[in-house]
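So the protein lines, in turn, are chains A and B.
The numbering of the first sequence is UniProt numbering, which starts it at 1 and goes up by one.
The numbering of the second sequence is UniProt numbering, which starts it at 1 and goes up by one.
Read the hints as simulated data drawn from the structure, not as lab findings.
A hint or two may mislead.
Estimated spans, in silico, between C-beta atoms of each pair [unchecked claim]: (1) A:A252 - B:Q259: 47 to 53 Å; (2) B:E349 - A:S51: 44 to 50 Å; (3) A:S46 - B:P321: 55 to 61 Å; (4) B:D494 - A:K356: 24 to 30 Å.
Here are the computed lysine to any residue pairs in the SDA-like style, where the Cα-Cα straight-line distance is at most 25 Å [what the hints assert, rightly or not]: (5) A:K431 - B:P468; (6) B:K356 - A:N577; (7) B:K356 - A:G579; (8) A:K497 - A:V412; (9) B:K382 - B:P404; (10) A:K497 - B:D465; (11) B:K547 - A:P235; (12) A:K382 - A:P235.
Quick reminder that beta carbons are idealized off the backbone N, C-alpha and C, glycines included.
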Amino acid sequence: MTSHPIATSHVFSTILTALLLLIHSSATATATATALPVNVWPKPTSISWSSPYTIATLSPTFQFDSPSSPSNHYLSAAVARYHRLISSERHRPIYDTTTTNFSTSPTPLQSLSISVVDLAAPLIHGVDESYTLSIPNYSATAANLSAATVWGAMRGLETFSQLVWGGRRRVPVGVEIRDAPLFGHRGFLLDTSRNFYPVEDILRTIKAMSHNKMNVFHWHITDSHSFPLELPSEPGLAAKGAYGRGMRYSVADVGRVVQYGYEHGVRVVPEVDTPAHTGSWAGAYPDIITCADKFWWPAGSPWADRLAAEPGTGQLNPLHPKTYQVVGNVINDIASMFPEPFFHGGADEVTPGCWKADPSIQSFLSQQNGTLSQILETFINKTLPIITSHNKTAVYWEDVILAPDVKVNPAVFSPEHTVFQTWNNGPNNTKLLTAAGYRVIVSSWEFYYLDCGHGDFLGNDSHSDVDSNGGSWCGPYKTWQKVYNYDITHGLSEVEKGRVLGAEVALWSEQADGAVLDARVWPRAAAMAEAMWSGNRDEKGVKRYAEATDRLNEWRYRMVGRGIMAEPIQPLWCLRNPGMCNTVKPFVAQ
Amino acid sequence: MTSHPIATSHVFSTILTALLLLIHSSATATATATALPVNVWPKPTSISWSSPYTIATLSPTFQFDSPSSPSNHYLSAAVARYHRLISSERHRPIYDTTTTNFSTSPTPLQSLSISVVDLAAPLIHGVDESYTLSIPNYSATAANLSAATVWGAMRGLETFSQLVWGGRRRVPVGVEIRDAPLFGHRGFLLDTSRNFYPVEDILRTIKAMSHNKMNVFHWHITDSHSFPLELPSEPGLAAKGAYGRGMRYSVADVGRVVQYGYEHGVRVVPEVDTPAHTGSWAGAYPDIITCADKFWWPAGSPWADRLAAEPGTGQLNPLHPKTYQVVGNVINDIASMFPEPFFHGGADEVTPGCWKADPSIQSFLSQQNGTLSQILETFINKTLPIITSHNKTAVYWEDVILAPDVKVNPAVFSPEHTVFQTWNNGPNNTKLLTAAGYRVIVSSWEFYYLDCGHGDFLGNDSQYDRPPTSSDVDSNGGSWCGPYKTWQKVYNYDITHGLSEVEKGRVLGAEVALWSEQADGAVLDARVWPRAAAMAEAMWSGNRDEKGVKRYAEATDRLNEWRYRMVGRGIMAEPIQPLWCLRNPGMCNTVKPFVAQ
């Protein structure tokens, strides 16, 4: 893609009349928010702009004054980055406005002072990301950004960068922002196994996440299709399991991603899915993988006899001693490559047919009256301690205790050391898991699976004419509205709500790779980001998707200007004609 | 997007074993096609590879020998372009293969001789695009490409370029191809009004079309949302109606697109939609546009009283004399800017409420007992002759005679001068139109609308505000035309379903369409490709094998492979499978309809 289609420089607004505009638009917006001439996404928790509504410009010598920077690399990297961004970005909001009610400050803003209380607080779940940003009306005075931690300061810098706009670098003054996230876990899952993504794609995605104040990159590194991760103790896994020499992540690549994440306030949580989804391990270790390289769903057999949830068979054999040697090496390597305290062990979609196809498992089942659930429990009991031995919190997919067939007694998982990630059944499974005392990450497919709705990837598929939901198992496409409006704590008690860490949107990559990454993820991940940061309701508790439409649209253009090729959500005409693209009742196709 | 994610150079296959591979895969493929070690998309009508299956390399001094080139600019441009492509492309098919049954020719292929019978045949509908390509087994001999026209030669050059692969520029020899399209009209519609596309996006799309042997770029230039086309006689329309100064097409831009189209064998058919979809004209001419700048669907009113099919109101007023002065200038300018003999006049979705909102129309309806259909007929009767005066064939959307409310007596449209484009009701409307004697372009939304399924763009839409446990209201993806049209859906559509032989003869072909409410250059490539490629093959050589069986199964691997080659050529097409599926042929199939669990 060589062009940036809607260069914002094409737009010739002079000064904004957001007040006027937003009166026109269908307004569920709050009074304080409507006053601002420029949007911040995700919307801050509390933002006010005091009369007289005044706009200043940034001084040509505008500086960040950050005395703590020298003592914290991540802070200094962020300050330098935002200085570059503010120096080069010339975002022009797309509202076509010709009048103004704002006064203009005669003195440019000279600096933003940044103060951080606790420079040492590490980037972990629950770290204080709050900040306050104060831009005084007398712009000769410095603006102030205060945060408890470096990570909160980064959120505040992002907010400040979004308050600046236009060729003359305007910024509203007399602004007070107090801001903090509703949920500590605001993530995006990328599957780099079904298709490979170069490191540059991952870095660009992390950058986009930081612009949306998202803080967890859940890296689903491996699966049955490829094993792109080079591990010092197990070099054969990538050598035999990656798609090719140029489609692997080296130790240095991982370090680069992790470091880039810290610099952007984004945790990088690794997942090496086990014991299912491991067909790609069979290249190096055929003896520890059951049903490897088999056709996934034999002709004429019932669905219950499938060998995998989708093409690409193979599961680790928990009865083979060598399994634990290999898995141990993998966990140990990853634990040292990723400082992040969460370690995702996978454990989803154990397929009975794959284990049943193995002679050693067959004999255990028949001769010892064993069950597949016992076999899975054996695997967990031998591998979970390896994870916790590194002082990691283990994250597992909910299947490991909620699957209908193969599952483990929940008593195996202590709520202190285990987090479950839910993907089925919408709010119902979130309820089940939190009621059982577990902390939960929500990524319900019905709302948060970004890959859905683009058809199915199976070949020779005779049902192509009946693809009423877009042809994929999880269709239709999840619209940004669907993502935005999902209440992840629906139906929970206050105690249960407290156990919801947050959410992740997910891009499974059967039909995605770097060619489509940006447009598939953005701006829908941004919709989740706001819902997790400040919610999807206004101060009266009313869903604010209506007011969010124009803001998200505007934000999409700003993201494009920042190099993220996000999908457009409306004709540009809608931004130019606020309110005119609304519908005043549920739309019914004719 | 700064990265090209799956660089084909990452793939380390040495020599291909397509024979072996395709035996593995679920085979409805024909015997001749399976023999080739490299794919051509769209699949040629007839292709054979003779024993002994031999592969040569292109000589480092490989040349196109095209004696006609100096006398035809388009041919010489195409020859130069394909020479550059073949010199630089190093496509490695992604099948992971380690063995081979092929023999290798000791002598490299030195040249391809190109002969064209009729250098003067213009690029118009129905022009002969057939070609034969012969690469003899004795590669010391030149290969031969023969075509009736320059345009057929371009198709043959594309085929030849796809037969070459790998770092050593291998090419199968002993190959004979006879090829010609099933349908003469193989198009793509791009709406550049809802959102703007820079010229570079259009050129890249035309290039991609030529790689797929598509030949019509239907340019839906204007609509109610913006008027990006600068017209010498009516400069105010773009000055007041475009999204901005940098979001207009100048006369030079149009010339560049048209010229680029000819060089790629792609006709550029302009559409300036009238009389509806003209809200953007109101900036320059508020007096000739009814219901301009109104809220599209007033609160509390029934759908029948809407002012437009979607936000963005405004229709030309056929009762205002000035309308014809402006429309006349527009048509005259466009007729001279676009040499193409087809001129698309639009005429879709005339919304009753918009005309009824106008006092002059109200008085015509009440005082003269007139009807809206009469008003539309007036418009057609005054503007169709302007189109035909330029010796153009008028293309209209089917609505103008098939709409349930406002429509024109078909007798107004002579089958000689009018083509209809159908978009509703699938094969049924194609049947209606062809049975009435008209030529038809098929772009049924149920199959060919590439924008569908990505949600709705309306704001303040309360259908999304419901508890997460309630049933889905947006079960089709939240847009009126959802769900997303998969490549399989596009590929499998039989556009002449249910037609008699005579009626079939009236189907010119098809167009996939990208309406741009939720698309712009940021998503263009992935939204269009490879789904447009699916249509391209169905229109070129069909969607069935030689036994008449649908060949989507065999097409999956080929389309997947072709997608990677397109990415290598700079078209950021969407992946349709994990790479694993190409590496493990047949393993991603399903042997019965998939049922979600």
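Against which earlier hints does the structure fall short, listed by number upward? 4 and 11
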